[in-house]
Structures are given as C-alpha cells and as structure tokens.
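Read top to bottom, the protein sequences are chains A and B.
As numbered in this note's numbering, residues 1 to 110 make up the first sequence, in order.
As numbered in this note's numbering, residues 1 to 113 make up the second sequence, in order.
Derived from the structure by calculation, the hints contain no laboratory data.
Bear in mind the structure is a predicted one, so any value in this text is a computation, not a measurement.
We treat Cβ as the ideally placed atom computed from N, Cα and C, and that holds for glycine.
It is possible that part of the hints are untrue.
Said to hold, decoys possible - If you anchor each label on the Cβ, the simulated ranges turn out as follows: (1) B/Thr20 x A/Asp17: 28 to 36 Å; (2) A/Arg13 x B/Pro61: 39 to 47 Å; (3) A/Glu66 x B/Gln18: 19 to 27 Å; (4) A/Asp95 x B/Thr5: 24 to 32 Å.
Unchecked claim - Only pairs whose alpha carbons sit at most 27 Å apart, straight line, appear in this in silico BS3-like list of lysine-lysine: (5) B/Lys57 x A/Lys102; (6) B/Lys57 x A/Lys97; (7) A/Lys26 x B/Lys57; (8) A/Lys50 x B/Lys13.
Stated by the list, open to error - Short derived list, chain B residues pointing at chain A, Cβ under 7 Å: (9) Gly42; (10) Glu48; (11) Thr101.
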Amino acid sequence: QQPVQSPQAVILREGEDAVINCSSSKALYSVHWYRQKHGEAPVFLMILLKGGEQKGHDKISASFNEKKQQSSLYLTASQLSYSGTYFCGTEQRGDDKIIFGKGTRLHILP
Amino acid sequence: KAGVTQTPRYLIKTRGQQVTLSCSPISGHRSVSWYQQTPGQGLQFLFEYFSETQRNKGNFPGRFSGRQFSNSRSEMNVSTLELGDSALYLCASSAPFGSDTQYFGPGTRLTVL
Numbered sequence: 001q002q003p004v005q006s007p008q009a010v011i012l013r014e015g016e017d018a019v020i021n022c023s024s025s026k027a028l029y030s031v032h033w034y035r036q037k038h039g040e041a042p043v044f045l046m047i048l049l050k051g052g053e054q055k056g057h058d059k060i061s062a063s064f065n066e067k068k069q070q071s072s073l074y075l076t077a078s079q080l081s082y083s084g085t086y087f088c089g090t091e092q093r094g095d096d097k098i099i100f101g102k103g104t105r106l107h108i109l110p
Numbered sequence: 001k002a003g004v005t006q007t008p009r010y011l012i013k014t015r016g017q018q019v020t021l022s023c024s025p026i027s028g029h030r031s032v033s034w035y036q037q038t039p040g041q042g043l044q045f046l047f048e049y050f051s052e053t054q055r056n057k058g059n060f061p062g063r064f065s066g067r068q069f070s071n072s073r074s075e076m077n078v079s080t081l082e083l084g085d086s087a088l089y090l091c092a093s094s095a096p097f098g099s100d101t102q103y104f105g106p107g108t109r110l111t112v113l
C-alpha cells in the first residue's frame, strides 16, 4: 500500500519553514525519508523506527506518530540546498520491503 | 567504501526486445532492491533479493524478473519491452534487512522506442 504524501509540491523562499506529511492506511513499523535532487539518486535522510520517535540533524527533523500511521518531515529555515524531491518510504510489520510515496517537490527561491 | 554501481547508465531499446540491467551493491551488503521511477509515480518497488533469494516482490508483471549472485551482485531482466517500461531503474543495497538504510545507485535510464 503506497503511502500518501502531502503536499505534492511546495515553493518557499530561503529561510522559510516547510512540513511534508506521509500517511499510510496500514500499521507501520518504520518510516524512511529520502531526498532526490534532479538527475541524482535518492539520498537517505533519516529513519524512524518507534512510534512517537523524533529525529533530526542540522535543521531537518522528522516525527513518527504510530497511532495515526503518519510521519512528518520538518525543514526549518530552509536553504537553497534543500531543493529537491522528498520521498517517504514505509515498512509494515512483518514485511521487509519499503514502499515509497510519490514524492513532494520542494523548490527554494533565493 | 565504493557506492552502489549500476550498468549501463543509459539504454535505448525497441518494443519487443529484452534488456538486462546490472547492480553491484556496497561491499558487505547482502540485500538488493530494485525500483522503477517514472515522472509522477515516485519509486515503485519491483523486488528485493537477499542471499540469492527473492524475498519480496512488487506488483509488476512477470516480464520483470531478477536474480542475485553469490557475490550479492544483482541483475534485473525485462522481456518483451513495452513503451511504458521507459523509466529510471534504481537499485539500492542495504545491510542484512530491508529496514536498514537503503543506499541507491545512480540508476539506469531505459528508453523504449
């Protein structure tokens, strides 16, 4: 079951904040976040394994609400380098494969 | 460590032909997953191999197949190509289990004419 990401696209000015959501209709075991720049391979950002877990590095963080079966990615004081397409990947309990959403395109303007 | 490598990087085929794509995982990684990426569809899971065995399979027709060798290198084959098979095919390797971080290769861009 492919997770649903929202919004599909967002345009921000440098320094503004953004939130990207990822929802699943199935109980989740883990949520993965990746960023892909145009013409490049997706790059791992972070993985959340426990309900309620929040992780972050630099000014990018994420939360995982196991009960609501959703995760949110927070980008604070966005930089030009944050531009790209963000994918969430979800894994269900007992299933080793990761299913990715369709992605959220983020464009940062100077 | 060297990253995930995929060959060839670009491929042009015609309808009805078949194609084989190759993926070499990061040294020590035993799990290899394949994804198809098309505009608007994101990354669609094809299959995952671990220790030469297919462990998971996505919802793709039987024309898509794969295998993994004892050195963890993996190949993906698509037979009887269709125009809709044009896509970027990405492979990702991870340590023993799929829930670990996936490291993606640069992909193979397949164009079917």
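Verification of the hints:
| no. | hint | in the structure |
| --- | --- | --- |
| 1 | B/Thr20 x A/Asp17: 28 to 36 Å | 45 Å, violated |
| 2 | A/Arg13 x B/Pro61: 39 to 47 Å | 45 Å, holds |
| 3 | A/Glu66 x B/Gln18: 19 to 27 Å | 43 Å, violated |
| 4 | A/Asp95 x B/Thr5: 24 to 32 Å | 28 Å, holds |
| 5 | B/Lys57 x A/Lys102 | 19 Å, holds |
| 6 | B/Lys57 x A/Lys97 | 8 Å, holds |
| 7 | A/Lys26 x B/Lys57 | 18 Å, holds |
| 8 | A/Lys50 x B/Lys13 | 45 Å, violated |
| 9 | Gly42 | 4 Å, holds |
| 10 | Glu48 | 6 Å, holds |
| 11 | Thr101 | 5 Å, holds |
Checked against the numbered hints given earlier, this structure breaks hints 1, 3 and 8; the rest are met.
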